[in-house]
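Colleague: Read off the chains here:
2 protein chains.
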Amino acid sequence: MYDCIIIGTGAAGVSAALTLRARDKNFLLMGSASLSSKLSAAESVGNYPGLPSVKGAELKAAFSRHLASAGINITVKQVTGVYDMGGYFGVLCGQESFEASTVILATGVEAVKPIPGELQFLGRGVSYCATCDGLLYKGKNIVVVCTSKAMEDEAEYLASLASSVVYAPLYKGAAVKGDNVRYINDMPRSIEGGMRAERVVFSKETVPCDGVFMLKSALAPSALVPGLKAEGGHVAVDRLCRTNLAGLFAAGDCTGRPYQYAKAVGEGNVAAHSVCDYLAEKNK
Amino acid sequence: MYDCIIIGTGAAGVSAALTLRARDKNFLLMGSASLSSKLSAAESVGNYPGLPSVKGAELKAAFSRHLASAGINITVKQVTGVYDMGGYFGVLCGQESFEASTVILATGVEAVKPIPGELQFLGRGVSYCATCDGLLYKGKNIVVVCTSKAMEDEAEYLASLASSVVYAPLYKGAAVKGDNVRYINDMPRSIEGGMRAERVVFSKETVPCDGVFMLKSALAPSALVPGLKAEGGHVAVDRLCRTNLAGLFAAGDCTGRPYQYAKAVGEGNVAAHSVCDYLAEKNK
Numbered sequence: 001m002y003d004c005i006i007i008g009t010g011a012a013g014v015s016a017a018l019t020l021r022a023r024d025k026n027f028l029l030m031g032s033a034s035l036s037s038k039l040s041a042a043e044s045v046g047n048y049p050g051l052p053s054v055k056g057a058e059l060k061a062a063f064s065r066h067l068a069s070a071g072i073n074i075t076v077k078q079v080t081g082v083y084d085m086g087g088y089f090g091v092l093c094g095q096e097s098f099e100a101s102t103v104i105l106a107t108g109v110e111a112v113k114p115i116p117g118e119l120q121f122l123g124r125g126v127s128y129c130a131t132c133d134g135l136l137y138k139g140k141n142i143v144v145v146c147t148s149k150a151m152e153d154e155a156e157y158l159a160s161l162a163s164s165v166v167y168a169p170l171y172k173g174a175a176v177k178g179d180n181v182r183y184i185n186d187m188p189r190s191i192e193g194g195m196r197a198e199r200v201v202f203s204k205e206t207v208p209c210d211g212v213f214m215l216k217s218a219l220a221p222s223a224l225v226p227g228l229k230a231e232g233g234h235v236a237v238d239r240l241c242r243t244n245l246a247g248l249f250a251a252g253d254c255t256g257r258p259y260q261y262a263k264a265v266g267e268g269n270v271a272a273h274s275v276c277d278y279l280a281e282k283n284k
Numbered sequence: 001m002y003d004c005i006i007i008g009t010g011a012a013g014v015s016a017a018l019t020l021r022a023r024d025k026n027f028l029l030m031g032s033a034s035l036s037s038k039l040s041a042a043e044s045v046g047n048y049p050g051l052p053s054v055k056g057a058e059l060k061a062a063f064s065r066h067l068a069s070a071g072i073n074i075t076v077k078q079v080t081g082v083y084d085m086g087g088y089f090g091v092l093c094g095q096e097s098f099e100a101s102t103v104i105l106a107t108g109v110e111a112v113k114p115i116p117g118e119l120q121f122l123g124r125g126v127s128y129c130a131t132c133d134g135l136l137y138k139g140k141n142i143v144v145v146c147t148s149k150a151m152e153d154e155a156e157y158l159a160s161l162a163s164s165v166v167y168a169p170l171y172k173g174a175a176v177k178g179d180n181v182r183y184i185n186d187m188p189r190s191i192e193g194g195m196r197a198e199r200v201v202f203s204k205e206t207v208p209c210d211g212v213f214m215l216k217s218a219l220a221p222s223a224l225v226p227g228l229k230a231e232g233g234h235v236a237v238d239r240l241c242r243t244n245l246a247g248l249f250a251a252g253d254c255t256g257r258p259y260q261y262a263k264a265v266g267e268g269n270v271a272a273h274s275v276c277d278y279l280a281e282k283n284k
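Residue numbers (the numbering used here), protein chains in the order written: chain A, 1 to 284; chain B, 1 to 284.
Calculated from the structure, these hints are not laboratory results. Please note that the accuracy of each hint is not assured.
Each pair may be met inside one copy or between any two copies, as identical chains are not told apart.
Said to hold, decoys possible - As a list, the in silico SDA-like pairs of lysine to any residue whose alpha-carbon atoms are at most 25 Å apart:
1. 284 / 175
2. 229 / 175
3. 284 / 178
4. 204 / 186
5. 282 / 178
6. 38 / 51
7. 149 / 284
8. 38 / 70
9. 140 / 195
10. 55 / 84
11. 284 / 179
12. 140 / 26
13. 216 / 198
14. 55 / 116
15. 204 / 180
16. 149 / 246
17. 55 / 73
18. 149 / 178
19. 25 / 181
20. 229 / 239
21. 229 / 164
22. 149 / 115
23. 55 / 69
24. 55 / 70
25. 25 / 70
26. 216 / 199
27. 172 / 78
28. 284 / 242
29. 25 / 149
30. 229 / 109
So here's chain A without its partners, still in its complex pose (with noise of 0.2 Å):
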């Protein structure tokens, strides 16, 4: 049982980290070993206290050597579901589960919104996870939208089972291997079907399938933790960063704006405080 899981790697989930590492708890952080991609992809930031005028790319290079300076290691695992277990946290990554008092998610914003049809098919046809539900598509025709180059292997692992691969990058420099692997490089504009969905229409064809799998980097909070208070699209969390389950926090972009790297740090330290305070109560 570890005290906290820290879901996401942008600059709140860094943020909390060291600062539950200089508490000495015992935690994991998961996400990507590449942290945040909208970090790296940021011209440059001029607010940053302390690191005038640094492009994005140099900001993640400085919290990546601060990971390491302190000995913290990224699990590399793309969280399918988190479930208040009361008392404690199921994190789940495919088949594979973890537990942990407390969880602060950190997972950004989604930068890609669901396309119509997406969340009407999801579970019937359309899925978040190849892990998950891969085998269920095994000699079947699929279709793969993939938002981020660092989940390349999850795409590579679905054309090992699948027919046929309809893959549509929505990111440079796509390089999945597959014989059964067709490029698209068209923006997925719906998903339609009957019962379950049938066919993904791009702006310049509709390709016919059996399932389709949107990969992306970061689910929706909501749709991550069931029972979890959303406002506005974000997280509702008060001052402290508690969301409206105990042991569970909040930090980021994914709690509201201003999306500003000096506001995701700042919520970052306030989570993994109330973390210990939260551990300190219920150790009593």
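With chain A fixed as given, assemble chain B onto it according to the hints.
Modeller: Leaving out everything else, chain B in the frame of chain A:
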């Protein structure tokens, strides 16, 4: 008439200033030319993301360079009062007065009157922050002076690291756990030493030690601003750093715990964005 006057040059004030500059606002940053005395005194800051294991003096220097590179000068004034004039604010500095549409309070936590030696040895054996400096005293003998029951968690955290703790509570009903904790019901008179703090002199005995933690609660900041709502000795703010007075915002240690650079920097950023939103709404 300025768009904003920022009061305080610690981490929160610096962060607010950098963001107001990025948003091209007309503002004054008021405080000490040497920024925050607490900032420069910190022995080592491990959890300010991007700057690993930075000394307080180095972080202060980085903040100063950042202000300079952004062309922000500090207006070196001691603010003696802030008055809500209905639509704008009057900021008094002794005989001088300034006017601004908005004010950001970033005044930090007013220290209880320091005892002789406390400021002299700050950063050289004297610390205000268990989270920041606790690990430096693993296996050491320390004295902890604490002004409030609310901070007993921090004292227990220190006891979990230190070899021995002499605990001097300046309040009633102290209950800090730990086999290695000895209570002393006496007022600290002074801190003495050579290059570093070496002992605390109490009325009835002198305690040799490797370090001294002065855990202080906040004083009422409402002394500065008539009508300002406080909560538990801190400025009451919402998640957007708004106080009960329209146009008056607060950020950093003055809004409450945790007293951390990351948290202060985050709130300074949020307060500056709230100033921009307030001005945009007002000028509609």
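Colleague: List in ascending order the numbers of the hints, as given earlier, that are violated by the structure.
Modeller: Violated hints: 2, 10 and 21; rest satisfied.
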